[in-house]
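Novice: Each chain, written out:
Number of protein chains: 4
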Amino acid sequence: MIRGAKAHQTGCLNSHWIIVMPTIRLRPEDKDYAISAAIPVTDPGLTFIYGRQSCDTRALEGGTIDVGNANYSGQEALIIIDDVFVPFERIFLCGETEFVSPLVERFTAYHRRSYVCKSGVGDVLIGAAATAVDYNGVPAASHIRDKLVEMSHLNETIYGAGIAASHESFETSAGNFQPDDMLANVCKHNVTRFPYDLARMAEDLAGGLLATCPSEKDFKSPEVGPILEKYLKGRADVPTEYRLRMLRLIENMTHGRNSVGYLTESLHGAGSPQAQRIQIARQMDIESKKKLAKRLAGIPEEEP
Amino acid sequence: MIRGAKAHQTGCLNSHWIIVMPTIRLRPEDKDYAISAAIPVTDPGLTFIYGRQSCDTRALEGGTIDVGNANYSGQEALIIIDDVFVPFERIFLCGETEFVSPLVERFTAYHRRSYVCKSGVGDVLIGAAATAVDYNGVPAASHIRDKLVEMSHLNETIYGAGIAASHESFETSAGNFQPDDMLANVCKHNVTRFPYDLARMAEDLAGGLLATCPSEKDFKSPEVGPILEKYLKGRADVPTEYRLRMLRLIENMTHGRNSVGYLTESLHGAGSPQAQRIQIARQMDIESKKKLAKRLAGIPEEEP
Amino acid sequence: MIRGAKAHQTGCLNSHWIIVMPTIRLRPEDKDYAISAAIPVTDPGLTFIYGRQSCDTRALEGGTIDVGNANYSGQEALIIIDDVFVPFERIFLCGETEFVSPLVERFTAYHRRSYVCKSGVGDVLIGAAATAVDYNGVPAASHIRDKLVEMSHLNETIYGAGIAASHESFETSAGNFQPDDMLANVCKHNVTRFPYDLARMAEDLAGGLLATCPSEKDFKSPEVGPILEKYLKGRADVPTEYRLRMLRLIENMTHGRNSVGYLTESLHGAGSPQAQRIQIARQMDIESKKKLAKRLAGIPEEEP
Amino acid sequence: MIRGAKAHQTGCLNSHWIIVMPTIRLRPEDKDYAISAAIPVTDPGLTFIYGRQSCDTRALEGGTIDVGNANYSGQEALIIIDDVFVPFERIFLCGETEFVSPLVERFTAYHRRSYVCKSGVGDVLIGAAATAVDYNGVPAASHIRDKLVEMSHLNETIYGAGIAASHESFETSAGNFQPDDMLANVCKHNVTRFPYDLARMAEDLAGGLLATCPSEKDFKSPEVGPILEKYLKGRADVPTEYRLRMLRLIENMTHGRNSVGYLTESLHGAGSPQAQRIQIARQMDIESKKKLAKRLAGIPEEEP
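Line order of the protein sequences matches chains A, B, C and D. Here the first sequence stands for residues 577 to 880, where the numbers follow my numbering. Here the second sequence stands for residues 577 to 880, where the numbers follow my numbering. Here the third sequence stands for residues 577 to 880, where the numbers follow my numbering. Here the fourth sequence stands for residues 577 to 880, where the numbers follow my numbering.
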């Protein structure tokens, strides 16, 4: 029987199962909390309290422009677990406190390496910024091209660390592969920084209309629509509506529903920035680096 | 008689007057556009098409928590000017195309220097992040203190350039003071960068609950409220509601209504980043700097 | 009678006087160290132990090219003070431990504000980089222009904070003006960062020849000189020697004698980076910023 | 028969062979320059004109402290090729201008990926900074630890992109593996930035004595040595000489002989920063990213 809560559960409502596990190392006397188990999301003992997101109610207005991304979004919930019974075959840990710490560390390495997924979101944002620039009708100025290059460089830097963490994984006796802990943390740590830079550059390229644009309803009204069509026109051969659609997608990713996933979750998901720094400190093997330096500086091995 | 549109007008609905002026240098044949004049916002020839902001409809929901900042916000509008007559005493420029370029440059210097105001918004965000940390109930870890210091450092760097631009202003023959053009642009250019860094650090300090927090209605419901009270409690002596209020204020400034003013407008208001770079290039007086270098390198003055 | 040492004394050998003072707050029992006094550099009780600088011996080789900057440089020394007698009229503090702390703080504010001088060195480096680009004979590519703009922007940001610190100074009862402590620290803190960025960009613009260039002696030898003249030629109308002179000046400022003053001293002079952060933390008045945030979030004044 | 010059040849004097190849795409009429061949460094037709490095003459002074790194260094030379005959079996390209462009691109990808080696140099610098901190005798302050973590994070970010470029390599029909072009350029582009940040942080941690330290000769003189021993002592149980040795190693890597390899060469070796940006622009496949964005924004595929 399990009782308690799981906070900040991204995507739990569109999952089939939730898995509970400890999040910190436990002492022997904490063994009642040393539980890992799978629970189906349909279990009647679960209650999901939905989290609010920026612009959440905009999704209920109808329309397909202002919402930014009419087909996809995510959600977070606080899950209340109220006396849920878990049969033995779905229990992975049950009181073995000595395994909690390695379990948390192994899970963390997987989870942080998995944040390479944000480079996929970054691809979309780069594409959106490039399209907004096209639609604005400005020529391909060098500073615009240069910002797209910088966005790509940062995005691929995230990608590189993620791939490298898997390349340097090791096989466990169970047969699965455990990613390199240092590189997994480095990947996630870059994710806590670069998406904010990409968001700023995307807004820079999109232009201020991103934040001052009138509503879809005005745009579709017979009275106001033609005025907006006239004054908000960008490139002559692009429908003004397309221009608005692209700006709303960028707004969605930098200030709206999906900015929760692209920005805040990039910071705090799989551990906040300081959590990675602690793990990098553990992995950085400073003593062996000191030895390299001492040898080059002509200091005997045995010195302090 | 004036006809046309003014886009992206921040705060126009709570102003008494709007002032129209050219935004680019004009040639003699453009003289019909060389107009600067004051129009009362109540002029029947004006139409204001309101811009949408992130989380705008949340302000209409009622309640005082989720809205983040229940008392203050801003707005942008597209202003349509439809055959507005302006009497002679409110006309400042009327066809004198030779004065357009200096008018734009002088206005720009004022406007960019005025963006020092964002350091006041930064003060609020620093205070909000510091309070959120207090309410989270974590001890004053060194990395938290260090992030508050970094936020203050960046915020005061904005302030310094603004103050310096005024200190180095010169008196015009009309008796007003014109800020230093280089420093005014440097001030604004820092504003296009640092608020994004402050927003990231504020979210870092606030914690992920910023983006996963359930609604005010859930919090006030007799059924769900006590559950949230229990699981979202931070420091024992702080009402959970205060904690939520502070997180919602930060959400408001980094993803919601006021992020339009603190982030996007900091980028694009008074000219996008590239506009400042062009002006810095004009002011940087590279030829005199080359002379300094040549003198120290022992290269004769008259060389290429 | 004073006895002890003063470390890291920049420019002491070309000064007329050295002034000694405490560097940390003292307790009453430390009163023998609560001394501030002026000593002429010619006092026989002083010994100056000269510090080495990168490329110091190059200055003794003769020639005017490889040395980079043939006329100006600086120096640091460790000063040993061996029973120096100071007459009463040159003593400014003598055992009054209660004044040590304000004395250090006031001096520190002056000293950190004075680091605005590095923006003058920055002007030279910007000019040198711009000239090296001219001499390389490449057209004025946009990315080159953009780096010069970025260098200027960072350099003027240093300048702005320095000017602002003086503008916001207050008059003491003695009649002198004490700079604003926060802005003086912000100025110095930017100095610990931006010169390193400027150095990187200057090297970027200069090109790799900066670090691979043969010697002045080779360049002037009848056998090797003409070969170098042929292969190291940049722009057709610029003597190759001028090109080398400018590269050597940049080397001098980024890896040579003057990099001590432009880089390392920018980091550690007037206090290392962390010293400014401590002072910014003291000045940032976080409690008043928390009040601003609480008021906007609708949290009563008297709450925790 | 080959005639011409090869500039900026790192490590050529300790190599057995030099390989010449074109560096830019050639037109059919340039076919005399479409040459790739191997030449032994002992060929009498080769002349090596040695490049100067910062602090090069310090290596000739004798002693083992001031030199920083008494056993290892590098060199660059300008190689003059004066009518060198190459037999057929050492010729790889001879007039086939159509292969020049792919040859340059393939070589560039290899070369840029190989710059992952600078993360090894970074390991030494991190170890040197950590040792200098130990020897300074200051307690392990949080800001010091945090800077070592940041140095490691940046250094491992370089490493990650390099490893990933190899992981995503493809096998050519000749059987060798060609690294991923985007990731190889991203690796090198990070190398143009992060070593400068690591150098700044290493100097920050080392302290100002790095740049003000008296000479080895003074340190070993019977008269001055004991004074230095007294005043430059750090931690009680560490010989002052060890402290100086470590500071000189850091000086060597940030301002001295090896800063040429760790800093300037990191910028310009295998192509200056802008060369990577051009290649990233070519690889970033902006059109496919635009399609992703259009699909999410609800814009039909066939639109502009």
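If you're looking for bench data, these hints aren't it; they were derived computationally from the structure. Do not take every clue at face value.
Note: identical chains are not told apart, hence a pair may lie in one copy or across any two.
[What the hints assert, rightly or not] Okay, derived cross-link-like pairs now, DMTMM-like style, lysine to aspartate or glutamate, Cα gap no bigger than 25 Å in a straight line: (1) K793 to E637; (2) K796 to E681; (3) K607 to E672; (4) K806 to D773; (5) K796 to D632; (6) K793 to D632; (7) K870 to E805; (8) K607 to E726; (9) K870 to E665; (10) K870 to D606; (11) K796 to E665; (12) K870 to E744; (13) K793 to E817; (14) K809 to D710; (15) K809 to E878; (16) K809 to E665; (17) K582 to E744.
Keep in mind the model is a prediction, meaning the values are calculated, not measured.
Novice: Sort out which numbered hints this structure fails and list those numbers smallest first.
Specialist: Violated hints: 2, 4, 8, 9, 10, 11, 12, 16, 17; rest satisfied.
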